[in-house]
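Fit the two chains together into the complex; they arrive one by one in their own frames, and the hints show the way.
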Amino acid sequence: MLSRRTLLAASASSLAAPALFRSAEAATPKNAVVMAKAIDDIVGAFDPAQSYEFANNEACGNLYRKLIVPDPADTSKLVGDLAEKWDVSKDGLVFTFQIRRGVLFDSGKPLTAEDVAFSLQRVVKLNLTPGFILTQFGWNADNVEKMIRTTGDYTVELTLPAVQATTFVLYCLSATCGCVVEKASALANQTNNDLGNAWLKTHSAGAGPYRLVDWQASDHIILETNPHAAVKPRVPRVVIRHVAEPAAQLLALKKGDIDVARDLSADQLKTIAGDANYPPTRMGQLTSMYISLNMAVPEFKKPEVLQALKYAIDYEAIAKNITPGLWFVWQSFLPKGVPGAIGDAPFKKDVAKAKALLAQAGLPDGFTVTLDHFARSPFSEIAQAIQADMAAIGVKLNLQAGEQKQVISKMRARQHQMAMNTWFPDYLDANSNAQAFCANPDDSDASKLRILAWRTHFFDPAMTTAVDDAAKELDPAKRNAIYATMQRDFQQRAPFIMLLQNFEVDVARKGVSGLSIGVLPDYTRYAQIVKA
Amino acid sequence: MTGHRLRQALASLASVPVTLFGLVLVTFLIGRAMPIDPVIAIAGDHAPPDVIARVRLEMGLDQPLPVQFWIYLRNLLHGDLGHSVMTSRAVTEDIARFFPATLELATTAMIVAVLLGVPLGVVAAWRQGSRFDHVVRVFSLAGQSVPVFVLGLVCLLVFYAKLGIAPGTGQLDVAYEGLVPHITGMLVLDAALDGDWDEFWDAAAHLVQPAAVLAYFSMAYITRMTRAFMIEALSGEYIVTARAKGLSASRILWRHAFGNITVRLVTVLALAYAGLLEGAVITETVFSWPGIGLYLTGSLLNADMNAVLGATLVIGLVYLVLNLLSDLAYSLLDPRVR
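Respectively, the protein sequence lines represent chains A and B.
When you line the first sequence up against this note's numbering, it's residues 621 to 1152, in that order.
When you line the second sequence up against this note's numbering, it's residues -2 to 335, in that order.
Looking at chain B on its own, in the form it has when it is part of the complex (with noise of 0.2 Å):
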């Protein structure tokens, strides 16, 4: 590496911290903001002013805003995220529980939109105005325009209801819950791995509609984006050139076209996958998929802070990785970077 990359790579690394502090701070004052006694997620409703008191004590609600997030951010570099009044768990080890469940869901979506996404945009874009075009652009565009839950609804409703050829929501059939091991916390690779392959064909099953949902809604976005750069790239002087000089077709299109967008298409892609990973709540909530997008909506919903905290502070950092990656890619694809 040379001076100029480590250099810009260490720029890169030294924004993650300020980044993620502010992003730690901005949540611990919108949670403080909410219009809902954090206390009551604990001690309910009926709880006496006695419990309500030790709770709020406990949770170190009395102290001033200040204090109570020194005290939130001095765990935090210990490593604590505190306790989750949802599931009586570290929060750290939810996030553990729940986090690969995103990252399988998010990452299968992924492999499937940038399989499919991206050769359409180049062949789109090869074939401008013509029919295949002009379906593929349909096709990107309704992929953006439906709502997930939409999508998501209307998918359960004709494969599973309908057709009946789709399992319903959940990770599992009630007759593999339990039995699968925790090894990565993916269960179609954990079933892989157990050797289990009824367990494995079944969680493969139970992953495919949420997936597909995912996957078409990246797609789409990948897709215009491959079409558009792909678009002005065949348009450069450097195209005509190389027509001139009598190169095949595919060469021109994959060598010296594709070879151009790179740059610019690995950061759509580590967008679009930042923005899975983290745009997962719905489509989570939709197929009942416990990932870390349930975990947080459940958790905002039942006042639970640390939990909310600790999960956004996950996605944060996953977006926050994703853009450094894409940054090295950079220096790594673009010659003019290095």
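Bound conformation, chain A alone (with noise of 0.2 Å):
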């Protein structure tokens, strides 16, 4: 038994505890930027064929090379990275690239076409989430190998099985599944003929400026200069930090525990607005912020019920008061950044013309709905505004707050009446949005296309064709144009009120600069950024 003595003693010496406090260290490493952001939404890890996430993407955008990406200041143009050049036949069905030369992998072992070939064809063999962006073109495990091939050391070739307009296949290059992992190390890890994807899902073998040192998930990611990359970053060292809340990121930016804050709130960014210690950058980001309206729902199957809605809505107040600088109105299915966006805002708040509306479709006293939504800030307080501009008209809409994956599995069910979510394209060619909100060729349970037109039931066989003429357009004008008019018909027949489209801000603290931020999250990068 302890004995009074020992227990009081140790009790007493257990007050000395806050002896261990000590002062904060009011700056980070110099060698390293420190930057919080929320990375909790990894799920494929860092393998490039299977990366789907933003904080991964981002990642892989800095720990490896593609042949093509857009060029940061207009993105409707592509510019070679990995490739100093490449044609496009005539047929517009054989891409050959010429591969630069002198550009070394992590390990130090030089860059080839092989090394390219058999990045895009694991892709297309692993088809995992992201394979879909390569398989689209027809590709696949059987024919890939002679699709896409080397025609020598530094060359390589790519043929497709059908015509697809060249813009659209060389975005697709430009996403995240075409980054480019080194041959050598991956078959060498590989484990069950997985060609390395357990390895690289934590490991990196790519020829971007860094690579990756370590990875603790719902924690951080560090990544360390790539001695062997082209261009070296200018610090030599990243850390990003999990901090989810965004008051978090806030005290620890003041507090000079991170140098840069990734996920500010609305309310965040007011308190530091022209302080010249926090300066923020800002870059317009493609997701697009909507309502989903099913067409299950017999309502939403009069085209004037849908037009009433949109009608009811007071965008340019949501922005201003409840998003100021991080979303904005936004009414287009193509984001604006995209090639082809139109920048139309047909609708604007009109509870005149919303009820006549709502009286021409027979519901004069409105009706009574469910409004899905995510249980986090801006999405609940969106969703309370829109319930009083609802309201306005007749129509009661009640809010059901849940978890994000859980109102998404709703909707891929189809069991939503409406419902506010978020899309971002899987790559910057006009087809992945257009597919996703216009395409249903089949609005079966056994459809092979499931996405968002199939979830709304918005069964439209002339929209759905006018997707395909464009994705096989070979010319740029005329492709645009076709998505000119869908966008424009959309916007009136759609069961869809595109609402917001975001803006990233990050800010740093005075005296660290030089962060890239892209329009998607792999065309962000770090290697620029400088501290004083």
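Do not take every clue at face value.
As the list claims (entries may be wrong) - Here are the simulated DSSO-like cross-link-like pairs (lysine-lysine), alpha carbons at most 27 Å apart as the crow flies:
1. A/Lys852 / A/Lys650
2. A/Lys890 / A/Lys973
3. A/Lys705 / A/Lys1130
4. A/Lys890 / B/Lys159
5. B/Lys159 / A/Lys650
6. A/Lys1151 / A/Lys650
7. A/Lys766 / A/Lys1151
8. B/Lys159 / A/Lys1130
9. A/Lys852 / A/Lys697
10. A/Lys921 / A/Lys1016
11. A/Lys968 / A/Lys922
12. A/Lys697 / A/Lys875
13. A/Lys969 / A/Lys956
14. A/Lys874 / B/Lys242
15. A/Lys1151 / B/Lys159
16. A/Lys1130 / A/Lys852
17. A/Lys1025 / A/Lys1068
18. B/Lys159 / A/Lys875
Just so you know, the hints here were simulated from the structure itself, not pulled from any lab data.
Next up, the structure:
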């Protein structure tokens, strides 16, 4: 048994615990950039053939290089990264890429055409989540070795089974799944013929400016300079810490524990607006916020009702009061920044017109419907604003808040009535969103294409045909014209209310600059970050 | 060990697999009843139907529920808890990585809670009705009433944000991130074993706030229970007899009264410790402490069912082991049980 003396002495010594407190260091290490960001969305880890979420796509963009990338200054243009030049045959079927010489992998070995062909082939063979970005061209495990092949040490030839718009193919090659991995490393570490998939989830084998040093899920990602990179990063170490709460990010920024806060909310941005110590960097992103109106609800089959709901909402008020500086009004299914997007915004709050449309639809007293939305800011606040707007025209909106995956699961099962969600394109070409929002060749449960149009029972054969036609159109001007018509048609007829598009606003401490934010996460670059 | 005690120990041990089976079954069923499609957690919202179908097949979700459970159970018996979607690692590997962080936090908190809570409870009972007793009662009542997350946030606001005398969240400063070798998984201990005292002090400083918050919560409970047990013990006839015999106050207090409450106190401490290991979820979230609680929360939000089942199983196992140990402790401490 413990004696009284021992017990009391030990108790007293435990009071000394506060002595362990020490002053928090008000600076991050000089050789490291520390960013705070919510990184708990990572699922496919860091294999480019599987990576599909924002945080890991962004890391992949800094670990690997691709054949081509969009010009950061003008994303409607593509520039060569690994590809010194490329040619497309007149019939649009054969793409030949000349690979830049002298590029070295993290291992010090040279990057060759063999690595490029292997990387693209493995995306098709593994056919993991982003695999469709390449398999949609008709490549499959059986034909890919013939269709994607080397014709020299530094030449790769891609052959399409059928004609596709050239920019469509090129933009898909600039997606994360187009990252080039070192064939020798991937094969040396493969298990069960997985082409290195398990190993590459937690290791990197690229030629980008960084290499992956450590990743703890929902905690941190650490990158360090790739010693053989063509362009050496200005700061050799990047630490991305998982900080989910925007308030905690701002606190850490002010205390000097981090250099850059990546996910501040509108409230936090307001508190530091105009403060020269925390200069913000703003970049338009391609994420759209929309409301899906399930056409299984009888009222939503009436075009007047769809129009009435679109006229009921005060879009500008939402953007100005709830999401200032973070989301802006955008009513096209192609986000601003995607080639072919139009900036038309035909809907503004007009209560009288909305009520007249409802009356025209035979619903002068309105109706009751449920809106599912994410149970977090700013979605909850926006849902409440829309509820008030709808009430003004007699439509009673019951709000149903849920976890993001819960809302998505419900939408995928087509069990929602109205649901507010976000969508971002899988690649920079217009086909990504056009297919998602407009294409629904088969509305049955057995359909092979079950994206947003299918989930909403938006079955419009003319629109589906237009999506296919645009994807195959070789003339860029004609192609853009098809998309322009499609967007205007969609705005009027589709059971979707396109609300807003987002900005990414990153706030760095004074003296920290050079973070280049891309329109999609994998185009964000760390290598030019400098610390004074 | 006598035959009776051996039989008791065996009976307690025999209940472990049955309880664990129940725990696995209930958690498994709750996991399957969740309104989130676990396939989305792996394949993502944009995945085409063929990928969704393949993942569903790979996860065995096309099988009837009893078959799914049988497969999980069979793998479990072979030590295979499956792979986590979130971390891309085996769940057993994840648990080995995350659980030591929780153990470090909970054990530190428990040591502080016991060393402060027990003496406070004893002295408060001895001086029942005094000003000291009132202060202890209010202090312990507040500890049990204030939610842990509120206390954690207030601590961060005061000691980190305002006063700047404590580090922020996480286990280490960025400068030391990834430098401490993984020996036991408990960073303070690992840093000491590594002989790097800068790392040690940094890890220890990061431990203070979350451990203090958890310790206060448990200390409040331990103090209140100790006080109540002691008040009851001090009113016993044997205490009157001891006083009549002229024994010293300290001997009466520690030898006779405290000695008689140790059995009940062991149960309280075991439950408090188990509660800390399990209840650290919120503290870990507030302080971004990469323990089993944070792992469990993240897994739940991502519908990562293998990870949820694995973490729940570990927490359940901890409860059972502590329960078993406290049962065994009874027979050692209480002559009537022998």
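How the hints compare with the structure:
no., hint, verdict
1, A/Lys852 / A/Lys650, "holds (16 Å)"
2, A/Lys890 / A/Lys973, "violated (35 Å)"
3, A/Lys705 / A/Lys1130, "violated (40 Å)"
4, A/Lys890 / B/Lys159, "holds (21 Å)"
5, B/Lys159 / A/Lys650, "holds (25 Å)"
6, A/Lys1151 / A/Lys650, "holds (7 Å)"
7, A/Lys766 / A/Lys1151, "violated (48 Å)"
8, B/Lys159 / A/Lys1130, "holds (21 Å)"
9, A/Lys852 / A/Lys697, "holds (25 Å)"
10, A/Lys921 / A/Lys1016, "holds (18 Å)"
11, A/Lys968 / A/Lys922, "holds (20 Å)"
12, A/Lys697 / A/Lys875, "violated (41 Å)"
13, A/Lys969 / A/Lys956, "holds (22 Å)"
14, A/Lys874 / B/Lys242, "violated (66 Å)"
15, A/Lys1151 / B/Lys159, "holds (26 Å)"
16, A/Lys1130 / A/Lys852, "holds (23 Å)"
17, A/Lys1025 / A/Lys1068, "holds (22 Å)"
18, B/Lys159 / A/Lys875, "holds (10 Å)"
Checked against the numbered hints given earlier, this structure breaks hints 2, 3, 7, 12, 14; the rest are met.
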